[in-house]
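Q: Using the sequences provided together with the hints, build the complete structure.
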Amino acid sequence: MSKKLANNYVYLLDGHAYVNLTNKCHNACNFCIRNTGDGVAGTPLWLIKEPTADEVLVAFGKVKNMLTSDEVVFCGYGEPTERLDTLLECAARLKALGYKLRLNTNGLGDLVNKKSIAPLLANFDTVSVSLNESTPEKYLSVTKSVFGTDALPAVIAFAESCKREGIYTVFTVVDTIGGADIEECKRISERTKVPLRVREYISDNYGEER
Numbered sequence: 161m162s163k164k165l166a167n168n169y170v171y172l173l174d175g176h177a178y179v180n181l182t183n184k185c186h187n188a189c190n191f192c193i194r195n196t197g198d199g200v201a202g203t204p205l206w207l208i209k210e211p212t213a214d215e216v217l218v219a220f221g222k223v224k225n226m227l228t229s230d231e232v233v234f235c236g237y238g239e240p241t242e243r244l245d246t247l248l249e250c251a252a253r254l255k256a257l258g259y260k261l262r263l264n265t266n267g268l269g270d271l272v273n274k275k276s277i278a279p280l281l282a283n284f285d286t287v288s289v290s291l292n293e294s295t296p297e298k299y300l301s302v303t304k305s306v307f308g309t310d311a312l313p314a315v316i317a318f319a320e321s322c323k324r325e326g327i328y329t330v331f332t333v334v335d336t337i338g339g340a341d342i343e344e345c346k347r348i349s350e351r352t353k354v355p356l357r358v359r360e361y362i363s364d365n366y367g368e369e370r
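Using the numbering used here, the letters of the sequence shown map in sequence onto residues 161 to 370.
None of these hints come from the bench; they were simulated from the model. Model, not experiment: these values are computed from the prediction. Virtual Cβ for every residue (Gly too), placed ideally from N, Cα, C. Be aware that a few hints might be false.
Within a straight-line C-alpha distance of at most 27 Å, the following computed BS3-like cross-link-like pairs (lysine-lysine) qualify [said to hold, decoys possible]:
1) Lys304 <-> Lys346
2) Lys353 <-> Lys260
3) Lys209 <-> Lys275
4) Lys353 <-> Lys274
5) Lys275 <-> Lys323
Restraint-style ranges between C-beta atoms, simulated for each label pair [stated by the list, open to error]:
6) Thr228 <-> Asp310: 32 to 42 Å
7) Thr228 <-> Thr309: 37 to 47 Å
8) Glu249 <-> Lys274: 13 to 23 Å
A: Okay, structure coming up:
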């Protein structure tokens with residue numbers, strides 16, 4: 161089945177603006193909503209081309225009057241830190257406009273960019289990191305990460321770095337991994353002092369087919 165392609169750089173969900181910078185991702189998670197649809201809440205998110213910061217701000221301007229939240233979330237159909245320079249430029253410009261910013265990330269930005277990126281994320285109020293699983297081997301099984309068993313330690317180290325930078329940082333896991341593994345993830349949360357949120361698996365892409 162062919163993908164629906166569009167250049168939807170900003171989309172709306174629950175009153176928030178979400179920024180869709182890229183379709184690139186070094187993971188291929190079993191539970192990713194990209195496996196079950198072409199977008200979120202009826203908005204196609206597979207991109208024809210990746211946006212510049214100017215194009216993101218133009219797209220944001222078209223929806224800002226429809227927002228009920230002052231938080232802008234960087235979370236699209238790919239990993240935002242794959243386009244670090246554009247991510248940082250958009251964040252700086254939206255922060256200057258007075259918006260709160262959240263980054264939803266797989267936490268592999270240090271490996272992708274071959275440097276520690278947490279010191280560059282000062283404009284973000286919140287960083288939400290997908291922990292996904294409790295051991296490197298289980299993480300790899302769930303995510304199929306190209307970084308192999310190096311991935312989960314890097315994810316945890318990234319979250320700890322963000323916390324040290326003074327950014328409110330949370331881990332997330334999807335409830336499909338099961339109770340025992342969720343308990344192990346809670347132990348990681350307790351050890352790192354990074355809060356954990358258990359997310360419900362969304363199979364219908366937030367009502368995409370409704």
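Q: Against each hint, give a clear statement of whether it holds in the structure.
A: Results for each hint:
1. Our distance criterion of 27 Å between C-alpha atoms is met by Lys304 and Lys346, whose separation comes to about 22 Å.
2. Only pairs whose Cα atoms come within 27 Å are accepted, and Lys353 paired with Lys260 is accepted, the gap being roughly 23 Å.
3. Our distance criterion of 27 Å between C-alpha atoms is met by Lys209 and Lys275, whose separation comes to about 26 Å.
4. Our distance criterion of 27 Å between C-alpha atoms is met by Lys353 and Lys274, whose separation comes to about 25 Å.
5. Under the criterion of a C-alpha separation no larger than 27 Å, the hint pairing Lys275 with Lys323 is consistent with the structure, at around 17 Å.
6. As the Cβ distance of Thr228 to Asp310 is approximately 41 Å, the hint placing it in 32 to 42 Å holds.
7. Distance hint for Thr228 and Thr309: a CB-CB separation of about 42 Å, consistent with the stated range 37 to 47 Å.
8. Between Glu249 and Lys274 the beta carbon distance is about 20 Å. The supplied range of 13 to 23 Å therefore holds.
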